[in-house]
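Colleague: One-letter residues, chain by chain:
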Amino acid sequence: MSEETSNRGQHDIGGLNVDSLIDKSEHRLSLSERRVDAMMNLLFAPDRKIFNIDEMRNAIESLPSDLYEKYNYYERWTLAMEKLLIGKGIMTAEEIAAKVTEIRARLREAGISA
Amino acid sequence: MSSHEHGSEHSHDHDHDHAHGDDDLLAEVFEGGPPDDYEVLEIALRELLFDKGVITPAELKAKITEWDGKSPENGARLVARAWVDPDFKQRLKDDFYSAATELDIDTAGPKLVALESDDDVHHVFVCTLCSCYPRAVLGIPPEWYKSKEYRSRVVVDPRGVLEEFGTTLPDSVDVRVTDNTAENRYFIIPKRPEGTDGMSEEELAKLVTRDSIIGVTEALKPG
Amino acid sequence: MSTDPLPQRFRVGDPVRVKPEFRPGHLRTPWYIRGKVGVVDGTIGNYWNPETSAEGGDGKPDRMVYHVCFKQTDLWPDYHGKNSDELIVDIQDHWLDAASMEEVKAGNLS
Chain P
998 MSEETSNRGQ HDIGGLNVDS LIDKSEHRLS LSERRVDAMM NLLFAPDRKI
1048 FNIDEMRNAI ESLPSDLYEK YNYYERWTLA MEKLLIGKGI MTAEEIAAKV
1098 TEIRARLREA GISA
Chain E
937 MSSHEHGSEH SHDHDHDHAH GDDDLLAEVF EGGPPDDYEV LEIALRELLF
987 DKGVITPAEL KAKITEWDGK SPENGARLVA RAWVDPDFKQ RLKDDFYSAA
1037 TELDIDTAGP KLVALESDDD VHHVFVCTLC SCYPRAVLGI PPEWYKSKEY
1087 RSRVVVDPRG VLEEFGTTLP DSVDVRVTDN TAENRYFIIP KRPEGTDGMS
1137 EEELAKLVTR DSIIGVTEAL KPG
Chain Z
26 MSTDPLPQRF RVGDPVRVKP EFRPGHLRTP WYIRGKVGVV DGTIGNYWNP
76 ETSAEGGDGK PDRMVYHVCF KQTDLWPDYH GKNSDELIVD IQDHWLDAAS
126 MEEVKAGNLS
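Residue numbers (this note's numbering), protein chains in the order written: chain P, 998 to 1111; chain E, 937 to 1159; chain Z, 26 to 135.
Just so you know, the hints here were simulated from the structure itself, not pulled from any lab data. Glycine included, each C-beta is placed from N, C-alpha and C at the ideal position. Misleading hints may appear alongside valid ones.
Here are the simulated distance ranges between beta carbons [what the hints assert, rightly or not]: (1) D83/Z x K1029/E: 26 to 36 angstroms; (2) E1130/E x Q1007/P: 42 to 52 angstroms; (3) A1094/P x S1136/E: 52 to 62 angstroms; (4) K988/E x Y1068/P: 22 to 32 angstroms; (5) T77/Z x G1096/E: 34 to 44 angstroms; (6) V1020/E x V1015/P: 38 to 48 angstroms; (7) K1084/E x V37/Z: 26 to 36 angstroms; (8) T77/Z x E1001/P: 15 to 25 angstroms; (9) D1133/E x S135/Z: 44 to 54 angstroms; (10) P970/E x E1092/P: 19 to 29 angstroms; (11) D1054/E x D1020/P: 28 to 38 angstroms.
Chain P on its own, in the form it takes in the complex (with noise of 0.2 angstroms):
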């Protein structure tokens, strides 16, 4: 039962966690988290379908154990995007990690350090 219990997906928690109470305070998303849902929409809609829910799903649910518990909701779906993104031919590692270099030298000359 020990191998199959290791294939409990993270996400899947029905019935775990029972002591925690919930936190019910509400923070309007930020406009980067609003941007990340909006992009994620249009690249799973069935018009357009860059990859489909489930593919997106997956995605997230199977990111690495450490990422997935340290980061929040939006973060995971922007790493799941980029591994999505990658995955299916759109962008490559290199190109992103050159466009985040040209993103902070820009951030740096308008003064936001990044």
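Position chains E and Z against the provided structure of chain P, taking the given hints into account.
Modeller: Chains E and Z in isolation, oriented as in the chain P frame:
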């Protein structure tokens, strides 16, 4: 270096409280300090998607605006109509999409299934596996709905979870939890509160909260 | 190759057992319900199979998604609530086997 539509915006927007006007949606504005790695990654993925023609800035702005425009208000209107019109309530249960169009509410997307709470049964839904939610009528889900704590606990201790939301049900009422694991979505018609006879639909809609449509609370009492 | 939906194997009122399978993959049948017995309470419609769709396929052929109803006291040893409280899970046809009402009455925790 390719040009981007937002390229001219970032140099002046970052000092302002961004007003979420359409042009601001792609601005490089970061609340609470410099952007973290994920915010930078979001920009990188977005710019590459624009560069490669996978999505356009206009499409992205439209999608953000669309989601920003969805709130529980539409859900509340549907409940209020269901309360005053039993035939409408049945139509909502039989074919949610068509019934919602009677109120000019577009619920295109995953099929919505209405569950009705009454004197005997109180419904509540969850997506234990991810965060499936009736966005078309409620907007983006709150953090707690997506949390480990809610998703893991409400299936095994729904009455305890309801208590945390201030909801105590009489012993006569059964609790029915629905775990939204498939591609449809749920929508709960909460029980109509006592003392609401004669109220207009508009007044009734004000008693219907997002949380009562999820099922962690009941509808508000009047007055 | 036919893309008709798979035959609908169960009807409302049928006792069913969720397959006691614990394999890896993008499975939309929660762990806590695997191997448990319940009763079909409703049908939602034919949908694609997310397990194969997650690998990039189209998930065809479609198959029925059922509301399957479980008694809470029958799922959780220390359930705090009424004996008549229930839990409904949306489960696809290929995850279900026929069961008997005797098995339903005997429960999942005996």
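Colleague: Taking the earlier hints as the rules, which of them does this structure contradict?
Modeller: Result: no hint breaks.
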